[in-house]
Amino acid sequence: MPDLTLLPAGAAGTAIETKRLSYAEAVNHALRRALRERPETLLFGEDVAKPGGVFGVTKGLHREFGDRVFDTPISESAILGGAVGAAMFGRRPIAEIMWIDFSLVALDQLVNQAPNVRYVSRGAVTAPITVRTQAGNGPGACAQHSQNLEAFFAHVPGLRVGMPSTAQDAYDMLLSAVWCDDPVVVIENRTLYHGAKSDVRLGGEVGPIGGARVRRGGSDVTVVTWGAVQNLVLDAAEELAAEGVEAEVLDLRWLNPLDLTAVQEAVARTRRLAVVHEAHTFGGFGAEVVSLVAESGLDLLAPPVRIGAAPARIPSAVSLVPGVLPTRAKIADGLRRLVRGETVRDAGVLR
Amino acid sequence: MRSDTPTLLGHFERMLLIRGVEDEIARLRTAGDMVGSIHLCSGQEAVYVGAVAALDLSRDAVFPTYRGHGWALACGVPPEALFAEILGRVTGINGGRGGSAYFTAPRYGMYGENSIVGAGAPIAAGAALAAAFDGSGRVAVAAFGDGALNQGAVHEAMNFAAVRGLPVVFVVENNAYSELTPIADMTRNPELFRRASAYGMPGGRVDGNDPDAVARAMETCVRRARGGGGPALLECVTQRIVGHYIGDAQRYRPAGDLDRAVAAEPIGRLAERLTAEGVAAGELDAIRSRVADRVRAASRLALDSPPADPATALEHLYA
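Taken in sequence, the protein lines are chains A and B. Position one of the first sequence corresponds to residue 1 (the UniProt record's numbering), numbered consecutively onward. Position one of the second sequence corresponds to residue 1 (the UniProt record's numbering), numbered consecutively onward.
Chain B on its own, in the form it takes in the complex (with noise of 0.2 Å):
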């Protein structure tokens, strides 16, 4: 046992849950009680458990993208509000407005995925100008993949945050696919990090399968925004263990890549870690059955909600 050992663990718990929630989300959709296009998170736990773990959540603001049930977990979602939301319950988060590419939970901090890709970064951006007048100290969190380093709207972002010493900061989800294609394909310059440098901003790249990495690196973006520093670019380089979408057979992959994928999986390798500092196997097991009793009964809870009612679909469009 060693003193971040703790750390670890709670790491080690939110990125199974995260895993569990997206193993049953995929387990849904094939059984058909959820529909519509839904992006798994599976293989990038450690970006999202690491960046949240360096955030105050209570004036902290994270604007991820449709491939965001990670992001909403480690903000503390409760799965159930998740798996309901998807599913079009009541009960969901946003009562089946949102659904699974446009799931917003603002009460934790999770001001909303965006299914137009790097659409979040320049309202990222808004948000940490309002932080500018309001004293309240908040770093928001732009997160967005590799694809939307080529996004117009990410570009002038960037930017706007730069040029007005905005506390924003930039999280890049390289999982190596914008979508279907390679980003190595896409961009001249495959270490996306230093495109920071050309808006005179900080930018590094960190290991996104290592929670304690990219918290690490995260903390040091975090001071530095609410500090005044202004923005930073912090590319997480990861890999995604499943499809683009549910049901995308990944023929594009070439051989061996998503093998490879696997066995760097973050999850897997932090057992290990926390196996080699002495942690027992039993307390391991322990804590990966407490989560899959809880994704069960959250699944369930879910799923014995009601639908939501079409009478109050028009709700809340204007003042």
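In isolation and in its complexed conformation, chain A is listed as follows (with noise of 0.2 Å):
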């Protein structure tokens, strides 16, 4: 048997401070903390040592960490099953899967290995893996470059997912991820990567993975939402204000576990419901969001909306994406709608 004995979750006296950073600083400072406070992380995947990564989110780390911080070959299933493998025997390694597209290709240890690793052994032996990945379409992006696959690893038992989408979430989220004793996917976004910077508190006591978080406060209608299209929902919901329409925000943040209480509450509150994501939306996670909330048989105004993209592949061209994807101005036509009582139906949904 390993000796699976872990340091102490949080070390205690860690210097809070805040700083000004982009959301790809945070990651970094993120890993850079946990490399530094917990010896048996590793942190490895195809050019994130010596290039630094290439949005440039892991740069630095090989240098201060030495060997610890490794380039892979390209190869998912070396780089996630070398995760459990190493996880299996006391490490904690944190695992970098450039696109989440490229994280098809090794499904398998996602989906057959890591999870499976605690329950079968009844947990005799734990595969605590990281995986970060970054998802979600940017300008130019192909097809293989574009998508939103939260709804593929929330379906599997045994796997935590968490989509931050502040710079601030970015840093907590993801050393929430490595401290926990599970096997999590956090799926950042690159077209957060390298915007504005916002303060970001440092340090302090890590705390555990799930939770969502209330962006906006609104009386009217509740909009749960996760990921960078959340910036799109913000916009909206202000839209909406000039208007005279609430709309309070609910950042999810955690698809599992997932804070249902949280979203039961807001929705009590407001009595109407949209959800909005990058992903499609059939069969996307927002369909479990409605449904969960349609069983908890809260007395709703409307109908739910489900607002995401079409059941379509997504294109390359600019002009293209709208056609696809949701944009401010169909999730604030698609919220005014549900508001007014009108029928709003995802046009994309069965076609």
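If you are wondering where the hints come from, they were derived from the structure by calculation, not from laboratory data. Be careful, since some hints might not be right.
Claimed, not checked - Restraint-style ranges between C-beta atoms, simulated for each label pair: (1) R223(B) with P51(A): 32 to 40 Å; (2) A287(A) with S58(B): 48 to 56 Å; (3) A287(A) with R27(B): 57 to 65 Å; (4) F133(B) with A143(A): 48 to 56 Å.
Computed from a prediction, not measured in an experiment: that's the story for all the values here. Quick reminder that beta carbons are idealized off the backbone N, C-alpha and C, glycines included.
Join the two chains, each given in its own frame, into one complex according to the hints.
Right, here's the structure in full:
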């Protein structure tokens, strides 16, 4: 048996400070802290060490931590399988899958392997891996570099799934993931990496995974959302506010564990529910949220609404993309009609 | 009696135990006490017994395939716990969570069968990666069949292990059939050990029906890996003398193929060698009888255990 005794979570006395950071810098700070405080952590993936990552997120970490930060072959099965095996023997690997689309070539390790380790051995062996990846559309990206696959992972019992949308969450959620003893997939978004800087509180105790956050208060409609699309939701909410409609925006943050209580409480307040995600609506995680709310028996003023990607491949041309993905205008329009009591059906759902 | 006779007698007893357990599993499956798809390893016992003889199970880790009962028993898993696991009993080594094809016994150095062909290879590389940091001197064994050599994950694992110099021994149990299809029909070069050179690691082929030969070849690989020399690929040529799964009629085997495999099977062969080394027939019979009693008692004990409790089915999913 390997010695699975780990260091105490949340090293006490870590200095708390606030810095202006981009999302990418916040991730970098989280990785640096994890590597400093948890000697059993390893960081590896394609181009993460000497090049510092294709998006510059892991810059400087190889220099500071040497062999614990290393480049791998372009071999996603080896990266994820290697993470699982190392985790079974007391390491705490943080593996990067450069684009979430690439995880598909090694889905076996994330679905058939990592989440079974604890279960089948009844806890004798565990696989506390953190998989960092990034998802979503960006200008000019093709169909194989644009997908939002969080529902794939959220469908798998045993896998934890989080999608940070702010620099603070990029820092906090990644640390929670590394500290967590379950396999965790953290889905970042490259369009957020080098955006505006914001105040990020660093240090302090590492919290557990889970927990939704209210990003904007409002009494007319609850919008449940996650990931980068949240910024469009917040813009749409401002647009509606000018028209006298106040939308509450709830950032789910974690799909597993799901903060269902926060969703129920928010919907109970406004009695209207919209779910907005960048992923495809059909078979998406929004359907799960709507179903859970329906099963809760909450008395709604209008049927719930889902706003997401139409069931189509994601085109490359910037002019084509709004034909598939949610936009600020589509979100605002959907919310407006929901509040007015008009029937809203995502035009793409069943086409 | 030669100096190696006691070692060979130990191999003989362990191989007999594996064969006896597999025969009993076949009986229980046919009788309906066991259900599901079960893959027996009869005929391949020398690979497991020989390979494990070269390991230090207090620190080494074995990652076998779904045809893994032999690896488990060679690692020292009690037959009671194996029977009970496949029977879905509470006393099963995984309390019925793993069954025949996902049997996992970390306490014995056996870190899990894998029902996904080749998937254990990158995980074994990961176990070896941990060894590069924890100072344990652990060697990881990734064991898989000939068919797995055509899986991408295995190639990724071999390249990853080679480029990082990880202490992994890739053991190929070449039983000539990739499930139901001859490996010779599925690759241009049936000398599977030659794949190793493509990754810059040593590869070799050994008679997989000779536990002594397997043990010696394995010792070379393990010593090298433990000393920082990196991975190696060891191809053990063997044959299964049973179907791919219980109930497999094996019509894909050409006339005479199975008979030849039975004639070359390792237990009878080792008995002949031991006899030639001066071991009395009575001593071999005593071992046979001791193993048969052990198998029978273990099977009865497992059958008498209660089934796993459905109230526990959701436990151990999360930390």
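For which of the previously enumerated hints does the structure constitute a violation, in increasing order of number?
Numbers 3, 4, in rising order.
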